[in-house]
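Participant: Go ahead and model the full structure; you've got the sequences and the hints to work with.
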Amino acid sequence: MIVRQSISPKRKSMTPSMYEGRQYQYTLRCSNVKTESLDNRHVCSRNDDSKRKQLNISNPRKSISIQNPQVTLNSSSNSKNLKTLQSSTRKLSLQTKTMISSTTSDNCQITKFFLHPLTSALQTCERLIKAQRLEEAMKELEEIDHPHLNQDYQSQIAFLKGTIYMQNHQYEKAINSFQKCRQQGDFYANALVLQAMSLGKLGNFIEAISLLKDFLLKNNAKQSPVYYDAVLQKGKLLLKLKKYKLAMQDFMIASALEKDIQTFQGTMGKGDCLRLCGKAFEALIIYEGIPDSHQVLIRKVICYQELEQFDKALEIINRILIYDSSNSQALYLKGQIFMKKGEFNEAILSFEQSITENNSKKAVTKSLIEIAKIKIDQKDFYSAYYTLQRVDHLDVEKASIIDLKQFTEGVIFLMKRKYKDAIIIFTELINKQQLGEFIKKHIFVYRAYGFIQVNKYQNALKDFNYISNFYPLDPPQFYNKVICEGIALTQQNYFDKAQSLFQKASQLIPGKMEPHFYKALTLIQFVSKLQMNGKDKLIKNALKYLDKAVTLNDNSSNLLYHRGIIRFYFGQLELALQDLTIAIEKNEQRNPKILYARGLVQACLDNPQQALIDFTVAINWDPKYAEVYLNRAKVNTQLGNRTEAYEDLQTYISTNPTDPQIYLWAGNLLFHLGAHGTAIKTYSHSPDLQNDVQLLSYRAMCFIIEKDLNNALIDLSRVYDLTSDQRWFIDKECLSALKIAIEQNTRELILISNPMNKSIKRSISYRLASRRLKQIISSEVEGYLFMKSDLLFYRGVMKFYQGNYIKAINNWNNSFELMKQQQREGVASNVQSDSSEGSDRLTVEMDDIRFQDHTYNMHEYQYNVAVATILNNLKPEGKLLLEELGRLLPQTLAQGIMQLRDAVDGQQIQSVFVFPETSRLCEVFPKFKVGNAETRLSFCLPKLPSPCMKPGFDQQLLQSIQSIDVENKPEAPWIKRSLDGVIFTENVQYIELDLQSETQRSELDQTEEQVADQMDGNLYTLEKSTCISN
1 MIVRQSISPK RKSMTPSMYE GRQYQYTLRC SNVKTESLDN RHVCSRNDDS KRKQLNISNP
61 RKSISIQNPQ VTLNSSSNSK NLKTLQSSTR KLSLQTKTMI SSTTSDNCQI TKFFLHPLTS
121 ALQTCERLIK AQRLEEAMKE LEEIDHPHLN QDYQSQIAFL KGTIYMQNHQ YEKAINSFQK
181 CRQQGDFYAN ALVLQAMSLG KLGNFIEAIS LLKDFLLKNN AKQSPVYYDA VLQKGKLLLK
241 LKKYKLAMQD FMIASALEKD IQTFQGTMGK GDCLRLCGKA FEALIIYEGI PDSHQVLIRK
301 VICYQELEQF DKALEIINRI LIYDSSNSQA LYLKGQIFMK KGEFNEAILS FEQSITENNS
361 KKAVTKSLIE IAKIKIDQKD FYSAYYTLQR VDHLDVEKAS IIDLKQFTEG VIFLMKRKYK
421 DAIIIFTELI NKQQLGEFIK KHIFVYRAYG FIQVNKYQNA LKDFNYISNF YPLDPPQFYN
481 KVICEGIALT QQNYFDKAQS LFQKASQLIP GKMEPHFYKA LTLIQFVSKL QMNGKDKLIK
541 NALKYLDKAV TLNDNSSNLL YHRGIIRFYF GQLELALQDL TIAIEKNEQR NPKILYARGL
601 VQACLDNPQQ ALIDFTVAIN WDPKYAEVYL NRAKVNTQLG NRTEAYEDLQ TYISTNPTDP
661 QIYLWAGNLL FHLGAHGTAI KTYSHSPDLQ NDVQLLSYRA MCFIIEKDLN NALIDLSRVY
721 DLTSDQRWFI DKECLSALKI AIEQNTRELI LISNPMNKSI KRSISYRLAS RRLKQIISSE
781 VEGYLFMKSD LLFYRGVMKF YQGNYIKAIN NWNNSFELMK QQQREGVASN VQSDSSEGSD
841 RLTVEMDDIR FQDHTYNMHE YQYNVAVATI LNNLKPEGKL LLEELGRLLP QTLAQGIMQL
901 RDAVDGQQIQ SVFVFPETSR LCEVFPKFKV GNAETRLSFC LPKLPSPCMK PGFDQQLLQS
961 IQSIDVENKP EAPWIKRSLD GVIFTENVQY IELDLQSETQ RSELDQTEEQ VADQMDGNLY
1021 TLEKSTCISN
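In the UniProt record's numbering, the protein residues as written are 1 to 1030.
By construction, these hints were calculated from the structure, which means they are not laboratory data. Quick caveat: nothing in here was measured; it's all calculated off a predicted structure. Heads up, a few of these hints could be off.
[What the hints assert, rightly or not] Subject to a maximum C-alpha distance of 20 Å in a straight line, what follows is the list of computed PhoX-like cross-link-like pairs (lysine-lysine): (1) 361 <-> 201; (2) 312 <-> 361; (3) 969 <-> 462; (4) 379 <-> 418.
Facilitator: Next comes the structure, spelled out in structure tokens:
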């Protein structure tokens, strides 16, 4: 900037007296005389000016004045601008002030000139600023600044303060100082331009341009240096706003003024406009028309770079370095050229040389940034981070580096698995108003990776979708995006679309096991939401996908756990145990769920002691795992540990008090322990009793055991109403038939004797009961509680009491043969039980001499047939049967048989009861006479097993499987893939992957998988309407 030679716009030239004072001051300064001595100097008054003019004393100013170099405020270096400003300001008139004193005569005025002390202080401040001793200069200015000073002094002080603030990058304070200077008046133009520059530094381009525009409109002196500076600065501000046409107009005006000023800033501005508009060739032509200087050569280098004429650019750079080998800016540009040529090692060397020379703050800053970018592109984030750490020891623009440094910190957090911290850093960067293109290209992909690791798939998908609108995703990140889309669709229950995406992901990177894992769990999740008969087929396909995943990675504990669960579901207990055991061994953390599953398998393999150990360890790892307490209670019951079983059940109830099955589990345990009355009370406490089939059925069984047939019939009727199950109907009708017969027995006593005795009184109730039993027997369906052999036997009883002994014997024979067949085949019917597994109906040994809680045994069968044979007028045959039975029974029971045989032909009536009848069903049926022997048939209600306390497959293990259970390992953005392996960083880790062999194996299995996927898709289509929506 060219500064005027007069501080005041009103003074166009310097008077001789002013000249003499300045000349004397200059002489003293040259002779190293202290400026303070000037305070006592006396100079001629203004009246002497006229005398000098009369004597034609010439003004020798031109011969001794200090030449003012032609520089501008808008040079490339701000510090050089300010030094020029200091030099110019020091040459402004720091002249003596007029002290007017009045004498007694008005016409006698003596004007004296002297150097004020403030002038000396201001000159000292100027020298300090020039020497870059800014703190001392500011201190001096603060000491002399006072609100009562002359306006000219206040203007000079404000101007100098503003220059110091600008050099210290305190632009807001500089703006205030220049504003104050402008208000005083003398430094108006210079201060205004500098104020506009400060506004531009703060990014307030519009305000700065408005300020300069108003000044240019009011100032018509287009040839003045300040006008030129204002136009030039306005053009540069418009250039920063990318308003190239308007900026070009200002630069053309400035260029026209350069004919007299002999500077080429405006012409260079025209070239800059063209270059920034993408017209590098036109810009180069303009630069060629300007005399070579450092700035011009640098611009030529940039143009040649954009024109990809790298050799010519390097030639110019070398010319610059010949004259100045330590030029940081030239070395930086040299590194850029090597970068564009793909010679990154040479580029890094040039950038490092630029940093080493460290004579351009901007060039050093950019060199650090470019090195970091190269390292980031090479996926070497640790080197990039340490490169950016060097800013603490260098004079650089830290604000330009902080974003890149923050980004590398976030990536390192990801590498250290601190995903939440990394996401916070990336989000803070993204929320900034201005995000560089380089960071923008990478940051969304890295944040998406962090979101995947914390299972926020929707957020990750948003980042992938956003960045893919600007940059294409590389294959690993496209793989991550496809996986996220599949998981998101699974969460929305679009299972068929999710399956196709997972299949696509498996083809993108064949060596990854996760897509197969996702396909398996998606199928299982789909099945869990359906009520369909063909679900086992889908689960088998899921097992195939899991097998494929295990072949790709057999070290995943989570994968082996899930395959173990599916194998357990299909009853492959040994294989399930093997998978779960390996999963426990490979699990790096304590996972009680795996131990719980293995404990269930051990229990199903009849290893209750091993199951107890697994359950106990699982509880130690997670004391709040309620299901483990329940199943450990079952195992303790199996092992006879009743106290421990009761304690575990109590803990389960306290741990999971909201479980609606609490009354079922507690009642089942009491049932198993034989406390049937207490079990009935426990079942009855359930608020959902009338809608729970299990509670009702088990309570009905307890009522039957307690011989409370009325309440048992009520519960069984309700069960049938809820289920419409034909087997429950059989049980209900059988119990109803028995109830009809028993109720009649309580109203009348029936004495049955020999058919020759005409005093037989038959009841129609037995007929009704017999008919009902006949109907349910003809249905060829057994009940859950009453087997067909039981139904046949009870019908025989009804026929017996009707006096039809032949049919009674036939029914008993059929029942006995059916029971023998069931025993031979080991057939056991299932009693509806809890959700884990059904309980086995226990078949009583036919030769068992116990007489409690079973319909009959072989001895009772023979006894009843013998009695019926005697009553059917076949006394010898009946007695022979009794003798044979007596030989089979123990002595105590054999004596009863002999006593009955003798009493038949005895002279007196004698009551003989061979088998126990107390608390048995036969007790409520009437006695009858066989000859003179009074006796009863021997039979009871069937033996009803207690609920199964053996742990089985927990359906919750299958139903709780979700696609998010996969320990997803997305492709890390910092991984470098090659044909031979995966390189994490330059110096961290190298892992070999046989990518080619995996691809080949994938191709071999592709046909089979496509067929399976097609079958799955058909099932999806058929059952889609039954899918439970979110």
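Participant: None of the hints should be skipped; say for each whether it holds.
Facilitator: Hints, verified against the model:
no.: 1; hint: 361 <-> 201; result: 16 Å, holds
no.: 2; hint: 312 <-> 361; result: 26 Å, violated
no.: 3; hint: 969 <-> 462; result: 19 Å, holds
no.: 4; hint: 379 <-> 418; result: 18 Å, holds
In summary, the structure is inconsistent with hint 2 from the numbered list given earlier, while agreeing with all the others.
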